[in-house]
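The primary structure of each chain is shown beneath.
Protein chains: 2
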Amino acid sequence: MAMISQSRRLRRTPFSDGVEAAGVKAYTVYNRMLLPTVFRSPVEDYRHLKTAVQVWDVAVERQVELRGPDASRLMQMLTPRDLRGMMPGQCYYVPMVDETGGMLNDPVALKLSEDRWWVSIADSDLLLWIKGLAYGYRLDVLIDEPDVSPLAVQGPLADDLMERVFGDGVRSIKFFRFGWFDFNGHSFVVARSGYSKQGGFEIYVEGTQNGMPLWNALMEAGKDLDVYAGCPNLIERIEGGLLSYGNDMTRENTPHECGLGRFCSTQTAIGCVGRDALLRVSKEGPVKEIRAIRIEGELPSCDRVWPLMDGDNQVGQVTSAAYSPDFETNVAIGMVRMTHWDPATDLDVITPAGIFPAIVNETFWI
Amino acid sequence: MAMISQSRRLRRTPFSDGVEAAGVKAYTVYNRMLLPTVFRSPVEDYRHLKTAVQVWDVAVERQVELRGPDASRLMQMLTPRDLRGMMPGQCYYVPMVDETGGMLNDPVALKLSEDRWWVSIADSDLLLWIKGLAYGYRLDVLIDEPDVSPLAVQGPLADDLMERVFGDGVRSIKFFRFGWFDFNGHSFVVARSGYSKQGGFEIYVEGTQNGMPLWNALMEAGKDLDVYAGCPNLIERIEGGLLSYGNDMTRENTPHECGLGRFCSTQTAIGCVGRDALLRVSKEGPVKEIRAIRIEGELPSCDRVWPLMDGDNQVGQVTSAAYSPDFETNVAIGMVRMTHWDPATDLDVITPAGIFPAIVNETFWI
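First to last, the protein sequences are chains L and F. Sequential numbering from 1 applies to the first sequence in full-length UniProt numbering. Sequential numbering from 1 applies to the second sequence in full-length UniProt numbering.
Worth flagging that the hints you see were computed from the coordinates, not collected in a lab. All the pointers check out, no bait thrown in.
Partial pick of chain F residues on the chain L-facing surface, computed with a CB cut under 7 Å: (1) Ile-4; (2) Ser-5; (3) Ser-7; (4) Arg-9; (5) Arg-12; (6) Ala-26; (7) Tyr-27; (8) Leu-128; (9) Trp-129; (10) Leu-133; (11) Tyr-135; (12) Thr-319.
Residues from chain F shown here face chain L by an in silico Cβ test under 7 Å; the list is partial: (13) Met-1; (14) Ala-2; (15) Gly-132; (16) Gly-136; (17) Tyr-137; (18) Gly-246; (19) Asn-247; (20) Asp-303.
To list a few chain F residues with every Cβ distance to chain L over 10 Å, as calculated: (21) Arg-116; (22) Gly-240; (23) Ser-265; (24) Gly-297; (25) Ile-359; (26) Glu-362; (27) Thr-363.
Cβ coordinates follow ideal geometry from the N, Cα and C atoms, glycine included.
Given these sequences and hints, build the entire structure.
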């Protein structure tokens, strides 16, 4: 494993001092910003996430703010999901596509009001796409990256910890809803959401200077809950079938291939970019789709596309994989052609460390 | 220094196998792709770059291809530089700005023909901005990322090495011009350009499968020239005043603040986005500007903005810094307000390791 050379370009976050003090061992880079990947070890972090509560620096989920009379119109241009029924206080997972129906990002949109939205982005400069569209269409909307950095609280004890810092009102936040809650005289959006299957919250911290006081308050309040710094865990997210933009899907893929067809309303999402391209896909269905894949053997880390083979024919690819201690097998995410996507189909996967048997799993693991 | 966690999302390049075989010690991430930063040590790499010849994996300079009847019109929308006089076979350094005049990228544009361009990008997803504009304006142009990966050959012996692989025609390529040259039956764009002041070339390798054969051919042909794997060198690029997008300039800055006013023809670059905003700046000049900064003392690595102070007043910031063995001082790049940007102005710079004396240098060092 190589080192990472730090520079201003790989932006620090409001929580970086806390991350370093907690002994971060490795990073990835996400939206040109540092994202911790390991604190104690991937397996220790995984166990702890499933039993206690963690505080995650996910400031890399940068926000794109849309504000102005055309904000809601522009939002509907960005996604094939029908946003007409969405109310302020709701979060929607919204696939975003280009004119060919290729995935550009899979953010979570927060509707703050009719004329103000935050788009909490995955790993691509969606700001530039949105600005380009708004300029081209001469829309009456301001688009910018506000000084807002999400901090996630994840794990089975997340409600207990959050109550101590934000009050018992947080317990009543429903899944993918948000409210405004006070900390030190500042009001932050707190949503029940996050990139794990263990439950929890994301706090949208406004103001870089408020980052470390909140981090420290959570760590202090959660001592007897065994709170610790954490981060999205590769094993847990694969078990849970949480896709990663750039890993499991790219601009090459339609939302339907990614199993996100249920978020696409191509009949009613009037004005959305890519609608023409997706109408056909949504009618006939994709010819390849995301599947849970079980792999036997001692795998290297998945740092590139691994071809999935039926004999000499490539029928798909694996893009994320890890050994799961709980399920005692390698869990993986792949894209498989329809001829081979049925559960229990036997395949081979080609990795730099050799060829391993792979089986299409019926579902993800949790 | 922390480790980097590799994944498919941090893309490998056509040359990654060669980079690993050469013993890469550290990476950064640039355009969501791995960019080597250290092979032997920063200082050994620096010495070697200045005396021999290096082969650099700069595949991170991703290409955005514009092709179609509106390609040239769209190119002029993208930059305040006047492109009317540009001929096929030329490279232009082209600042690109948003509607407010804020820098989005500082790529090199290659004009392949009137209706076909490559934009060789710095670290932002310029593809999304260009696609958004083209879609909004309904332009008749295709925009995509082709399978083209630049490989740089840099150093005083670059001409000798390149001649052995591509023939003596490469010697007559003028600065920021390119031609088509054959390798193994493939024709590649070869430009006299690169992100160092030591001279050299960039080969635009089309086809991932052609990457390692060319890498190996260069390594084989250059054995007696002491060829080795290299990468953009922090010390050398600061000495030479080569700016880095994301480090020394961001969307916060106009081209004029970055010292790039000479590339802006706001009077004649008709149709360029941001022209209205830049007209005023170009007339009155910027109130802060990039400067070479000399710093005394034992500095940490510059992983964040360092404020430049005159007493208690912040008058600028340093964004790149390194110790230069040749100039026996810390060389740095900063942005300084006009009240303090004159050569020899004494300032202080605040770093996480303390406060150090800083002096505005008259020029960069080479």
